[in-house]
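Participant: Listed here are the chains, written in short residue letters.
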Amino acid sequence: MRPKLTLLSDEIITRILEEAYELLRCPAVKVQNEEARDLLAAAGAKLYPENQVVGIPAALVQRALESVPREFYLYDYDGNPTVHYGGDDVHFDPGSSGIAILNPDTLEHETTETEHLICLLKVAEQLPQYDAQSTAVICHDVPKDIQDSYRLYLALLYSKKPIVTGAFTNKTVQEMIDMLAVFAGGMEAAREKPRAIFDVCPAPPLIWSNFGAGNLIALARAGIPAEIVSVPLAGAAAPVTMLGTVTQHTAEVLAGITIHQLAKPGAPIVWGGAAAIFDMRKGATPMGAVETAMLDCSYAQVAKTLNMPTHTYLGATDSKLVDAQAGLESGISAMVGALSGINMISGSGMLDFLACHSAEKLVLDAEGIAMAKRLIGGVKQHTDTLATGFYDEKINFKGGDFLKQKITMKLFREEQHLPSSVIDRDSTRVWKEAGSLDAFGRAKLRVKELLASYSQPELDPDQITHLHSYMLDLAKKAGLEELPRLEDLEIV
Amino acid sequence: MSDELEKLFKEMAQSIIDGDSDISVELAKKSIEMGVPPLDAITKGFVVGVNYIGDQFGAGEAFLPELVMAGEAMKAAVATLEPELIKLGEAREIMGRVVLATVEGDIHEIGKTLVGTMLSASGFEVVDLGVDQPADKIIGKALEINADLIGMSALLTTTMVRQREVIEELDKEGLRPRIKVMVGGAPITRDWATKIKADGTSEDAVGAVQLAKQLVGKE
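Line by line, the protein sequences are chains A and B. Letter by letter, the first sequence follows residues 1 to 492 of the numbering used here. Letter by letter, the second sequence follows residues 493 to 711 of the numbering used here.
Any given hint could turn out to be false.
Quick list of in silico lysine-lysine cross-link-like pairs, BS3-like style, CA-CA up to 25 angstroms [unchecked claim]:
#1 A:394 - B:710
#2 A:394 - B:502
#3 B:499 - B:521
#4 B:521 - A:406
#5 B:536 - B:522
#6 A:398 - B:633
#7 B:522 - A:406
#8 A:432 - B:502
#9 B:521 - A:432
#10 B:536 - B:705
#11 A:476 - A:171
#12 B:502 - B:522
#13 B:689 - A:406
#14 B:579 - B:567
#15 A:304 - A:410
#16 A:398 - B:502
#17 B:567 - A:410
#18 B:502 - A:406
#19 A:373 - A:160
#20 A:398 - B:499
#21 A:406 - A:171
#22 A:410 - B:502
Not close to chain B: a few residues of chain A, all C-beta gaps over 12 angstroms, as computed [claimed, not checked]:
#23 15
#24 207
#25 278
#26 331
#27 386
#28 400
#29 405
#30 430
#31 456
#32 473
Calculated from the structure, these hints are not laboratory results. Keep in mind the model is a prediction, meaning the values are calculated, not measured. Ideal Cβ positions, reconstructed from N, Cα and C, are used throughout, including at glycine.
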């Protein structure tokens, strides 16, 4: 039996959907993209040209919900379907778009550059808990115009895993789609086995910006998966009540799906978000708050009644260091996400309201993820009899009896998650001899090990050349003559 | 070495690594039929597997069930070869004779049993007295079998003091340094071992084998 967390009754979910449909009619949705407004109006939505507001009738939304795929896969470099969006499958990826990284020695939050993204990619590549990479931090050593595409370029070079990414403008989303096509050997190949998914954010409350809606349309037409990341802030940019915020979230996502499916029926899209409460003392958006996790669990439940693939932002912390707060907020929220059966949970590795990344936190979070995955693995029946079969003639009424059973050797790895050296289960003596390290200290060592053991994925040199020349071309247009040198990578 | 023999030794080592007593016994029998000297079967075949698993365990790559099963497979193989050894008048070199016990008042013995398994798999002759053993029983058995080593376990801070009593008793009777003493158990630190004048302590069963070998001068 798989454990599951649900917070809403069926009756409340029905009311959330009803009220969300009502919101889509009135006050309706502000759509700041002309093409999206045209698509909606042509399909029968009510346009208020004076303020770009569009009233979306329920029938239009329902038609979109009929054409939207209920599941799809992301593929790794070798073409294996490794991330399943759909059902209750649970995957994790590191958080995206950090602007700083924790220097593990000085504890300063440093502005991120190429080397930092590469470090995070190398660490996440070797941790099986992360089913996908993310374009984790912005590289400030390249011009703004290419900061989004350049992240994808590095992820494609340093990883074989699927990639959760996103564009910063309507121009660059097309460039990034082209980049995927260049790397995959054509648009058809990139669509056939999508390697990446793009996060696209509406703006709360009930706004689809020019850029957000434009991204949805471009991705739909290209057949590259989109992930709606609706970010209602309970009490500020959304109603203070959880149910009110989840309802607004539902309306924002439904509006996005409608625009997306009008652009290209059947294109893959995910019901996602980064909902949070608004902290009334600090004016902050705490990602580690339990209410944030509750909002995510709730909207995922709404998505699941519509059989939609799901995404959320959990497993992050608001702490500035990889400390006890980081551990408890990240661990607890990852657990909630896993128990909610959310297909892609982004946020691991991140500190400080998603502003700062940390490789050390990535390795620590991987242990929390392993625990969460073990929990949803549930308590299984492996043997015909539950216990009696274990007591054979060799039982000596001694403590170690069961260590000597073949079945112990056969099953212990399935029954127990074996943590990495980041988790301390040593005796006090061994712990002292190893330097009396805390979790952060052990994580620092593990990051060093992982960076040392990383080996470049074997990629087709032609693909690398094509990708590189495409990226270099973008860089030159942005006024950068040479891309940052990649120490360990040879590009012909 | 013939290819066939080399293959047999490899299979022997593998049977220990797999912790499969059925196969290790079968291979031991096969080696007897083939006329392989039983000492060769042990040292060039089975022991290689035990050492491998021990190293893997030390490196965190193997786990307790694998260690125990390897020990059990080793014991079973050696037991199969033993009659042949006796018949040939050969004896496997005994690394040393060990008496193991959990001290009086303490009934915890998983760690101690593991140590016993690994010691006998490594060529020690082990008498495991079990749990809740008073000093006179432990010392009596050590004298009876002419032991080189006594290994004592305690899990509780309230019972670990009994380890000191046994050592003091041995000293009083002038049995040290002839009989060396190893202590172990969750609360046992190196400081404690030094304080009660034990000859050594180890964190785990693999380390205990190394320690025992050192103490009997075989390392």
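Participant: Need the status of pair residue 394 (chain A), residue 502 (chain B): alpha-carbon distance at most 25 angstroms?
Facilitator: violated, 29 angstroms
Participant: If you draw a straight line from the CA of residue 521 (chain B) to the CA of residue 432 (chain A), is it 25 angstroms or shorter?
Facilitator: violated, 47 angstroms
Participant: Given the hint that residue 689 (chain B) pairs with residue 406 (chain A), test it: the Cα-Cα distance must not exceed 25 angstroms.
Facilitator: Violated, because 39 angstroms separates the two Cα atoms, which is more than 25 angstroms.
Participant: With a cut-off of 25 angstroms on the C-alpha distance, tell me whether residue 567 (chain B) and residue 410 (chain A) pass.
Facilitator: Holds. Residue 567 (chain B) to residue 410 (chain A) sits at ~20 angstroms (cutoff 25 angstroms).
Participant: For the pair supplied as a hint, residue 499 (chain B) and residue 521 (chain B), is the alpha-carbon distance within the 25 angstroms limit?
Facilitator: Roughly 15 angstroms between the alpha carbons, so the hint for residue 499 (chain B) and residue 521 (chain B) holds.
Participant: With the threshold set at 25 angstroms, check whether the alpha-carbon distance from residue 398 (chain A) to residue 499 (chain B) stays at or below it.
Facilitator: Roughly 37 angstroms between the alpha carbons, so the hint for residue 398 (chain A) and residue 499 (chain B) is violated.
Participant: Quick one, are residue 536 (chain B) and residue 522 (chain B) close enough, alpha carbons at most 25 angstroms?
Facilitator: Given pair residue 536 (chain B), residue 522 (chain B) holds - Cα atoms ~15 angstroms apart, limit 25 angstroms.
Participant: Grab the minimum beta-carbon distance between residue 405 (chain A) and chain B and tell me whether it stays above 12 angstroms.
Facilitator: Violated, since 8 angstroms does not exceed 12 angstroms.
Participant: Minimum C-beta separation from residue 430 (chain A) to chain B exceeding 12 angstroms: can you confirm that?
Facilitator: violated, 6 angstroms
Participant: Taking only the CA atoms, is the gap from residue 579 (chain B) to residue 567 (chain B) under or equal to 25 angstroms?
Facilitator: holds, 19 angstroms
Participant: For a C-alpha distance cap of 25 angstroms, please report whether residue 398 (chain A) and residue 633 (chain B) respect it.
Facilitator: holds, 21 angstroms
Participant: Any Cβ of chain B at or closer than 12 angstroms to residue 400 (chain A), or is the non-interface label fine?
Facilitator: violated, 4 angstroms
When the structure is compared with the earlier hints, violations turn up for hints 1, 2, 8, 9, 13, 15, 16, 20, 21, 28, 29 and 30 and for no others.
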